[in-house]
Amino acid sequence: MARKKTIRTIPQARTPMREQPGAERARNFAEVACGYSVAEALREADRCLLCPDEPCIRGCPVGIDIPAFIARIGAKDYRGAYDVIAETNFLPAICGRVCPQETQCEAVCTVGESLEPVAIGRLERFVGDAALAEGWLNAPRVAPNGFRIGIVGSGPAGMACAADMAKAGCEVTVFEAFHLPGGVLRYGIPDFRLPNEVIDAEIDNLRRLGVRFECNTLVGRLFTIPQMIDEMGFHAVFIGTGAGTPSLLGIPGDSLNGVLSANELLTRCNLMRAKDFPEYDTPMPLGRRVAVIGAGNTAMDAMRVCLRLGAEKVYCVYRRSRAECPARAEEVHHAEGEGVEFHWLTAPVAILDDGKGGVRGMRCTRMALGEPDDSGRRRPAAVEGSEFDFEADLIVYAIGTNANPIIGQTSKLRLDKRGYIETDAGLATSMAGVFAGGDIVTGAATVIEAMGAGRKAARSMKAWLGLRDETALAGEPAGTLFGIDARERNFARIRLA
Amino acid sequence: MGAVVDDGSRFEVVSREDFSEVTYLLEIRHPMMARAARPGQFVIVMAHARGERIPLTLADFDRAKGTVTLVVQAVGKTTRQMQQHCHVGTELYGLVGPLGVPSAIGSAKKVVCVGGGLGVAPIFPQARAHRASGAYVIGVVGFRSRSLMFWEERFRACCNELIVCTDDGSAGIKGFVTDGIRHALERHADVDEVVAIGPPVMMRACAEATRPRGIKTVVSLNPVMVDGTGMCGGCRVKIGGEVRFACVDGPDFDAHRVDFDDLMARLRRHAVAERAAAERWSETCRMQRPPEPPAEEPLPLPDPFEEVRGG
Numbered sequence: 000m001a002r003k004k005t006i007r008t009i010p011q012a013r014t015p016m017r018e019q020p021g022a023e024r025a026r027n028f029a030e031v032a033c034g035y036s037v038a039e040a041l042r043e044a045d046r047c048l049l050c051p052d053e054p055c056i057r058g059c060p061v062g063i064d065i066p067a068f069i070a071r072i073g074a075k076d077y078r079g080a081y082d083v084i085a086e087t088n089f090l091p092a093i094c095g096r097v098c099p100q101e102t103q104c105e106a107v108c109t110v111g112e113s114l115e116p117v118a119i120g121r122l123e124r125f126v127g128d129a130a131l132a133e134g135w136l137n138a139p140r141v142a143p144n145g146f147r148i149g150i151v152g153s154g155p156a157g158m159a160c161a162a163d164m165a166k167a168g169c170e171v172t173v174f175e176a177f178h179l180p181g182g183v184l185r186y187g188i189p190d191f192r193l194p195n196e197v198i199d200a201e202i203d204n205l206r207r208l209g210v211r212f213e214c215n216t217l218v219g220r221l222f223t224i225p226q227m228i229d230e231m232g233f234h235a236v237f238i239g240t241g242a243g244t245p246s247l248l249g250i251p252g253d254s255l256n257g258v259l260s261a262n263e264l265l266t267r268c269n270l271m272r273a274k275d276f277p278e279y280d281t282p283m284p285l286g287r288r289v290a291v292i293g294a295g296n297t298a299m300d301a302m303r304v305c306l307r308l309g310a311e312k313v314y315c316v317y318r319r320s321r322a323e324c325p326a327r328a329e330e331v332h333h334a335e336g337e338g339v340e341f342h343w344l345t346a347p348v349a350i351l352d353d354g355k356g357g358v359r360g361m362r363c364t365r366m367a368l369g370e371p372d373d374s375g376r377r378r379p380a381a382v383e384g385s386e387f388d389f390e391a392d393l394i395v396y397a398i399g400t401n402a403n404p405i406i407g408q409t410s411k412l413r414l415d416k417r418g419y420i421e422t423d424a425g426l427a428t429s430m431a432g433v434f435a436g437g438d439i440v441t442g443a444a445t446v447i448e449a450m451g452a453g454r455k456a457a458r459s460m461k462a463w464l465g466l467r468d469e470t471a472l473a474g475e476p477a478g479t480l481f482g483i484d485a486r487e488r489n490f491a492r493i494r495l496a
Numbered sequence: 000m001g002a003v004v005d006d007g008s009r010f011e012v013v014s015r016e017d018f019s020e021v022t023y024l025l026e027i028r029h030p031m032m033a034r035a036a037r038p039g040q041f042v043i044v045m046a047h048a049r050g051e052r053i054p055l056t057l058a059d060f061d062r063a064k065g066t067v068t069l070v071v072q073a074v075g076k077t078t079r080q081m082q083q084h085c086h087v088g089t090e091l092y093g094l095v096g097p098l099g100v101p102s103a104i105g106s107a108k109k110v111v112c113v114g115g116g117l118g119v120a121p122i123f124p125q126a127r128a129h130r131a132s133g134a135y136v137i138g139v140v141g142f143r144s145r146s147l148m149f150w151e152e153r154f155r156a157c158c159n160e161l162i163v164c165t166d167d168g169s170a171g172i173k174g175f176v177t178d179g180i181r182h183a184l185e186r187h188a189d190v191d192e193v194v195a196i197g198p199p200v201m202m203r204a205c206a207e208a209t210r211p212r213g214i215k216t217v218v219s220l221n222p223v224m225v226d227g228t229g230m231c232g233g234c235r236v237k238i239g240g241e242v243r244f245a246c247v248d249g250p251d252f253d254a255h256r257v258d259f260d261d262l263m264a265r266l267r268r269h270a271v272a273e274r275a276a277a278e279r280w281s282e283t284c285r286m287q288r289p290p291e292p293p294a295e296e297p298l299p300l301p302d303p304f305e306e307v308r309g310g
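Chains P and X, in that order, give the protein sequences. Under numbering that gives the first Met the number 0, read the first sequence as residues 0 to 496, first letter to last. Under numbering that gives the first Met the number 0, read the second sequence as residues 0 to 310, first letter to last.
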């Protein structure tokens, strides 16, 4: 660094990331955001001021040393940048794509006070993709400590917990009910946002850490959590079973054919490859005019999938206004660019029957925002006499999920009133040695929150197993994602590849 | 797909028996599942990596041999493909289970176990378990004709009485399983539970046969599902006006509270796509496999309106 960068000397505008044009991408499943080239990454890295107070690190749920990795990019030491990220995050190619950086690290970026913030997420993805392309993996060589860990669910929470426990020297087995691992990353998030190759590569990285994946295994029914501890020899168990049954509106027409949950639509399309029917056997409910109810990230995914499957019109129906919409701004922007029509302040009151068991449309009412509710968002109320009908032949519910009942049915774990697993602050459940995190504890949340929970549970699990010295660490940041941290003393780092 | 190789779960077919042109039995090695399985539970099968996930109710499980048994009717693309490809020594790509809440066994003293069509095989473990729990078990099984019958000796071994019903009267009584239920109820005033498994039309008829007497009646529902683990919501059914999910709340439900119209309408969801897949499959297989399915049964889809006979 010859001269000090200032807000005036850095490139003023954020480096745009190339995207497939809206009209074109709305008809294919290739990834929408193309990623940075080396030149683009260098230009964007140059926008980081390397400011001394480093607010971005605190903005990151897993505490990645963001200025350090950006500085490595700036020095064209991409492997070094990967090494920095890998200290704390084992899955940069995934997080760089699906983390809501605009509300985390980028929201507090110093550059962002006067200009657009540094595109940290895009830079993370650049490094993650480089690592996958080059086969970089930082795996510690750890003396096996003899502990056996069972992880229930191979989604982001389970993957995060598995990585941390494997790095601590435990023998880790991940159980997955589907025939392929990845959880929501596989069945939920579509290819154009997170290509399957990226998931495959990250799963392979976990395998290289020694993690075993057992698919086709529904824990609770094939064997129970108590059996894992009492009979199967697991010293600790993490439950990250993810989303449960979809919420329905409870309005007339709910059970018509042509009404389905976003999770069903996405699972058919993404995991079961119904988009390639009849090459693949799973059929897809095709809609000419599709109405998706809800405006979260899942709704955005469902709408964009429907466009790609050939729908002529895709509507987003949401009872609040754009300001309250829970989806990432970028996802809304992408959906709009692809031709989704948004109907804010609109709530369905009935699904209309076509007389043959299918759907011909939806009756909606206009809404107006009133006083803030418990969530702090303004409560929508129906505007009297504003009902109207519109035509649609496929209705997709993306209005959230409920707790999955299987673990509760098959163990004595304490659940809360809504059926989610009760945990303490360290994610320990009511059963000794059993930890839980992700949607099965909090209800529907994001991939990065689930990963954060998996890591937090791993820390508690290690403490419970006596694997770490919590007192050695007073004052340091509260642990890191997928990384090696000072409290763990029993390994040395090696580089693979 | 990419580089992911799942860690070696393969499900070997260890025996096969063909009961008729369309009905076949597969016994699959899965010691853990054999140990966990209870009557009333089901599995989801994927025949191959590009296959669909189809739910099938367990017809048997043998803890000593470490196997589970499926009795399959070749009615759609996947089940016909499996009929052609699943021989001893082959493997299924995916098999997950046991799924669903096990049937409640043990409280009833006198039980009528009714199986018709695709329900004959899965009623067997229920009958056996009720008998083992000390109940007096009356079996009622329905077939179209004698030539389609199977497992008569197995049912005789575990039932105190067995009533066979055939549509043409070629074995047992001539009539539907509902006639069999009437026979049983005439002779036994103290039946305290009826369990019925079969096509929805049959299960509805059974519900109506017992409703006037207020006899507790349980049916096993098999709606369209994808994951079978309580995530997709495709298997939602209406029970007493409430939405329930067959995969995690069922598959057993109180027959007198099931909305069968809703169930049958929802079973027709993918009729067009399924027909297309089956047709396309027949086309491509015609060259390799001269004997086509019998002409009088053009494309037997998983038809909810299938007559009570089945078999």
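Everything labelled a hint here was simulated from the structure, so no lab data went into it. Do not take every clue at face value.
Computed cross-link-like contacts, DMTMM-like style, restricted to lysine to aspartate or glutamate with a CA-CA straight-line distance of at most 20 Å [to be verified]: (1) P:Lys3 <-> P:Glu30; (2) P:Lys355 <-> X:Asp258; (3) P:Lys355 <-> X:Asp260; (4) X:Lys64 <-> X:Glu20; (5) X:Lys237 <-> P:Asp352; (6) X:Lys108 <-> X:Glu90; (7) P:Lys312 <-> P:Glu278; (8) P:Lys355 <-> X:Glu90; (9) X:Lys237 <-> P:Asp253.
Chain P regions said to be covered by chain X (calculated; three or more residues, Cβ under 8 Å) [stated by the list, open to error]: (10) 25-32; (11) 52-64; (12) 109-117; (13) 236-245.
Label pairs and their computed distance ranges (CB to CB) [claimed, not checked]: (14) X:Thr89 <-> P:Arg321: 52 to 60 Å; (15) X:Gly240 <-> P:Ala381: 18 to 26 Å; (16) X:Glu241 <-> P:Val348: 41 to 49 Å; (17) P:Phe341 <-> X:Pro30: 50 to 58 Å; (18) X:Arg145 <-> P:Pro277: 32 to 40 Å; (19) X:Arg210 <-> P:Glu383: 52 to 60 Å; (20) P:His332 <-> X:Val242: 31 to 39 Å; (21) X:Ser19 <-> P:Phe341: 54 to 62 Å.
The structure displayed is predicted, hence computed values, not measured ones. Even glycine gets a Cβ: it sits at the ideal position worked out from N, Cα and C.
Here's how the hints hold up against the structure:
1. A hinted pair counts as satisfied when its Cα atoms are at most 20 Å apart, and Lys3 (chain P) with Glu30 (chain P) does not qualify at roughly 37 Å.
2. Restraint check: the Cα-Cα separation between Lys355 (chain P) and Asp258 (chain X) comes to about 17 Å, which is no more than 20 Å; the hinted pair holds.
3. Restraint check for Lys355 (chain P) and Asp260 (chain X): the C-alpha separation of about 13 Å stays at or below 20 Å, so the hint holds.
4. At most 20 Å may separate the alpha-carbon atoms for a hinted pair to count; Lys64 (chain X) and Glu20 (chain X) exceed this at roughly 27 Å.
5. In summary, the hint linking Lys237 (chain X) to Asp352 (chain P) is supported, as the alpha carbons are separated by about 17 Å, within the 20 Å threshold.
6. Under the criterion of a C-alpha separation no larger than 20 Å, the hint pairing Lys108 (chain X) with Glu90 (chain X) is inconsistent with the structure, at around 41 Å.
7. As the CA atoms of Lys312 (chain P) and Glu278 (chain P) are separated by approximately 25 Å, the hinted pair breaks the 20 Å bound.
8. Proximity of Lys355 (chain P) to Glu90 (chain X) is assessed by CA-CA distance (about 40 Å); at most 20 Å being required, the pair is judged violated.
9. Only pairs whose Cα atoms come within 20 Å are accepted, and Lys237 (chain X) paired with Asp253 (chain P) is accepted, the gap being roughly 11 Å.
10. Restraint check on the stretch 25-32 of chain P versus chain X: 0 residues with Cβ-Cβ distances below 8 Å, three needed, restraint violated.
11. Counting residues of the stretch 52-64 of chain P whose C-beta sits closer than 8 Å to any C-beta of chain X gives 0, which falls short of three, so the coverage hint is violated.
12. Counting residues of the stretch 109-117 of chain P whose beta carbon lies closer than 8 Å to any beta carbon of chain X gives 0, which falls below the threshold of three, so the coverage claim is violated.
13. Residues of the stretch 236-245 of chain P lying with their CB closer than 8 Å to a CB of chain X number 5, which satisfies the three-residue condition for coverage.
14. Separated by about 54 Å at the C-beta atoms, Thr89 (chain X) and Arg321 (chain P) satisfy the suggested range of 52 to 60 Å.
15. Between Gly240 (chain X) and Ala381 (chain P) the beta carbon distance is about 24 Å. The supplied range of 18 to 26 Å therefore holds.
16. Taking 41 to 49 Å as the suggested C-beta distance range, the pair Glu241 (chain X) and Val348 (chain P) does not conform, at roughly 20 Å.
17. A hinted range of 50 to 58 Å holds for the C-beta pair Phe341 (chain P) and Pro30 (chain X), which are about 53 Å apart.
18. Between Arg145 (chain X) and Pro277 (chain P) the C-beta distance comes to about 38 Å, which sits within the given range of 32 to 40 Å.
19. Taken as a hint, the range 52 to 60 Å is violated for the pair Arg210 (chain X) and Glu383 (chain P), whose Cβ atoms sit roughly 43 Å apart.
20. Hint check: His332 (chain P) to Val242 (chain X), Cβ distance near 35 Å, so the stated range 31 to 39 Å holds.
21. Range check, Ser19 (chain X) to Phe341 (chain P): Cβ separation about 55 Å, and the 54 to 62 Å hint holds.
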